[in-house]
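Asker: Protein sequence lines correspond, in order, to chains U and F. Residues 13 to 388 (the numbering used here) are what the first sequence spells out, left to right. Residues 13 to 388 (the numbering used here) are what the second sequence spells out, left to right.
Since the hints were derived computationally from the structure, they do not count as laboratory data. Treat each hint with caution, since some may be false.
Since the list can't tell identical chains apart, any single copy or any two copies may satisfy a pair.
[Unchecked claim] Calculated lysine-lysine pairs in the DSBU-like style (CA-CA distance at most 35 Å, straight line): (1) K279 x K86; (2) K245 x K86; (3) K133 x K186; (4) K237 x K344; (5) K72 x K191; (6) K279 x K384.
There are 2 protein chains.
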Amino acid sequence: MALPEAYRNTGGLGQPAGRVYNFNGGPAALPMPVLEEVASELLNWRGTGMSIMENSHRDKKVAAMALEAEEDLKSLLGLGDEWKVLFLQGGASLQFAMIPMNFAPGGAPCDYVNTGLWSDKAYKEARIVGADARFAASSEADEFTYIPSSFDFRAGSRYIYLTSNNTVRGTQWKRFPEKPPAPLVADMSSDFLSRPLDLSDFSLVHAGAQKNVGPAGLTIVLVRKDFALTGAKGLPHLLDYRTFVDSDSMYNTPPVFAIYVAGLVFKWLAAGGGLAETALRNEAKAKRLYDAVDGSGGFYRGTARADSRSLMNVTYRLPTPELEKKFLEEGKGQGLVGLNGHRSVGGIRASIYNAVPDEGVDALVDFMEGFKAVNG
Amino acid sequence: MALPEAYRNTGGLGQPAGRVYNFNGGPAALPMPVLEEVASELLNWRGTGMSIMENSHRDKKVAAMALEAEEDLKSLLGLGDEWKVLFLQGGASLQFAMIPMNFAPGGAPCDYVNTGLWSDKAYKEARIVGADARFAASSEADEFTYIPSSFDFRAGSRYIYLTSNNTVRGTQWKRFPEKPPAPLVADMSSDFLSRPLDLSDFSLVHAGAQKNVGPAGLTIVLVRKDFALTGAKGLPHLLDYRTFVDSDSMYNTPPVFAIYVAGLVFKWLAAGGGLAETALRNEAKAKRLYDAVDGSGGFYRGTARADSRSLMNVTYRLPTPELEKKFLEEGKGQGLVGLNGHRSVGGIRASIYNAVPDEGVDALVDFMEGFKAVNG
């Protein structure tokens, strides 16, 4: 598959910029062409004589840039005008509270699917704000190694909440619940824009930017306009989705720089063939890595069940904690960074988001084979 | 007064970078040396082989950078360990809600001083969340042209809220209420770090970064630790100050890039002599501009009462709206941008934050004199 020149991340050991291969779980790798463009116009954005950071968000050029980012994102996802893109702040953690405050007020019921740390946090926050949140399914008994496929949804539930990709455990939804009895609401922070999405059954999707979109400090929310209108009345302005729908996310000063970088990432994705092509590349990258795990004769052991494996976060263990420590240290020495598992579970986690280049995965596989040859 | 070389903003017309003089109300001018440093290490931050945007917030270097920024800020302000610096998101508008949710829950009383748009918004948000907010003083009857000096504070009020500088009307508190009967809480977004502060009577200060601190998308909060502990229980984590006090602002992913830029600005301020020196420069810049207004024989008319004039936002009118339009257009043609007044009031507003160089003010004064000579 031939890639447009601008698509390729030329980072890596031995490159002029001294860049490493970045497997961070998030904040994570950004596309090299995007970073180069940001650096090149940092002192003078589009002829304004100012940095993008110094431009007013009320300026026409900035407003147009933000609207263009919204349109580019809708185009990537194939979203119609029934959807609104919001540029918010506060990360997924603020969404955990805003969603039930808006859509399950007054102790209304809402169903959650528990696939690990992040869905559990979302559930707990819903309980804090007084919603009648319940788990409709959970893989906790099996240490969250898989995505549930049967659900005990309640009649009357206001929404069904799930986490599409689980960075900690390395699991990912392959198919979302069919014919759900309530609108689906999803945290897609860690696989947003990694694949095409059919959002027919969804009413709200949120995603922290710091995986596949841009710098930390920006939360992308996709919301159906008619769903936003059903939100509870009387909330503080900054906790009411309508505030941002009605103002094109400019009720108050938005995170302009992060929106600008995200907009460049959207253009980079479009130049790379859009989400269908992106998904093919991500599948190939993940297959290469899982094959290395599965073909290691048990030296590397994947932690997620095969049918639930994430294409974004490849999690595995080595025979002993000592070997894992050695693996991380030697990898780092070879310019392979961010391979440590989430601090709550340990082990190895290779996060291979969109901007992690094929060469990075190749380098990691080579390293894994060499490490096993010496230590296996 | 001799300035350290690194302090001087070398931007301006005819400079290699093609930079303009930026009088934006916010987002606003940033120091040229800071922008240059950001651009220079954008692809490889401090030898990590990654952009600062790609580094994990859980990495030791990033955590150390954020703690250093906190320490540098406390040092600039002379704050002791009874204070905590928080790096939040959501801007002043989210603080408007968080403050009463935390500190005036259950309909508790809190007093506000109304000096214009932003204090009014803060007051209204307090009402929305159910606090018994009242205005203890207001200059609304005189179109917010001055800062009140007598107050009707209630006994039992949980806090007294004020806006230290009013970007819309160009007014600024010179002295804060003496012996206030409750802790002072202030929005200092637009004059934060422009002068030394005696925070003896304050318990919480918030400031959006996008004036004197850094890029939009970061809210600085200074809070006394013992005051934070008095906050209401049972709030969502992201709306509870304790969450951020207890985690060094890293409960969830913080806006790393904005914190990094803010940290560079703090170092730039320290290199420039700290806040006492900064205040002297700001006073001289403002005097030069107000003198040009007052010495124009009535062609330029300041909108704020002399004793309440802001050193950050110099607001004035011309004889007619047509002349104001011409002034703005011709100024822009000469590289003097962002001089339009706030959209709610019109007129001229020259925002001369810390990073606006003396040369920018000189250029504006020259332009004002030339414009008056032709059109006066």
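Asker: Checking K279 and K384: alpha-carbon separation at most 35 Å within a copy, between copies, both or neither?
Answerer: Answer is neither: 40 Å inside a copy and 47 Å across each miss the 35 Å cutoff.
Asker: Can you give me the call for K279 and K86, within, between, both or neither, at a CA distance of at most 35 Å?
Answerer: This pair counts as within: shortest intra-copy Cα distance 12 Å, inter-copy 41 Å.
Asker: How would you label the pair K133, K186 (within, between, both, or neither) given a Cα cut-off of 35 Å?
Answerer: within (22 Å within a copy, 45 Å between copies)
Asker: Are the CA atoms of K245 and K86 at most 35 Å apart within a copy, between copies, both, or neither?
Answerer: within (28 Å within a copy, 40 Å between copies)
Asker: Between K237 and K344, at a C-alpha cutoff of 35 Å, which is it: within one copy, between copies, both, or neither?
Answerer: neither (46 Å within a copy, 39 Å between copies)
Asker: At most 35 Å between C-alpha atoms: does K72 with K191 qualify within a copy, between copies, both, or neither?
Answerer: neither (43 Å within a copy, 46 Å between copies)
Checked against the numbered hints above, the structure breaks hints 4, 5, 6 and satisfies the rest.
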